[in-house]
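Whenever a hint applies, use it, and build me the whole structure from the sequences.
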Amino acid sequence: MVEMRLFRSRVFAGGTVTMMLWAFGIFGIYFFTSIYLQNILGFSPTKAGLAFVPRPCAWPCSPRSRDRLPGAEGEPDGGLGMAVMAWAVPLLRLAPAPPSPA
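Sequential numbering of the sequence shown, starting at 99, is according to the numbering used here.
Don't read these hints as lab results, they were simulated from the structure. The beta carbon of each residue, even a glycine, is placed where N, CA and C say it ideally should be. Errors might be hidden in some of the hints.
Claimed, not checked - Pairwise CB distance ranges (calculated):
hint: 1; residue 1: A184; residue 2: K145; range: 22 to 32 Å
hint: 2; residue 1: R108; residue 2: K145; range: 44 to 54 Å
hint: 3; residue 1: V182; residue 2: F122; range: 21 to 31 Å
Below is the structure:
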């Protein structure tokens with residue numbers, strides 16, 4: 099258990115709140131995307147789960163590959179990763195929809 103007096107520190111409390119918001123967002127994305135894949139696109143539960151495998155496999159590679167980019171100096175800011183995700187999310191709209199039951 100975390101001692102409540104630690105939350106008197108603005109840095110600790112702010113970091114905790116930020117990580118909670120991040121976690122709610124990430125888990126919400128996984129939850130609603132899995133529902134979308136299964137109910138709208140007709141994926142099986144196994145296929146929907148396997149659709150999420152490339153993302154966590156790519157996360158460890160992104161900081162290392164960023165250093166190889168021309169002009170990449172200083173601390174990584176995550177901008178490249180956000181740009182790739184912003185480009186990839188709309189691609190879900192290109193997936194074919196299953197035929198609707200008559």
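Between A184 and K145, does the C-beta distance stay in 22 to 32 Å? holds, 25 Å
Can the suggested window of 44 to 54 Å be confirmed for the beta-carbon pair R108 and K145? Roughly 45 Å apart at Cβ, these two residues keep to the hinted range, so it holds.
V182 versus F122 beta-carbon gap, inside 21 to 31 Å or not: Since V182 and F122 have Cβ atoms about 22 Å apart, the given range 21 to 31 Å holds.
Comparing the model with each earlier hint shows no violations; every hint is respected.
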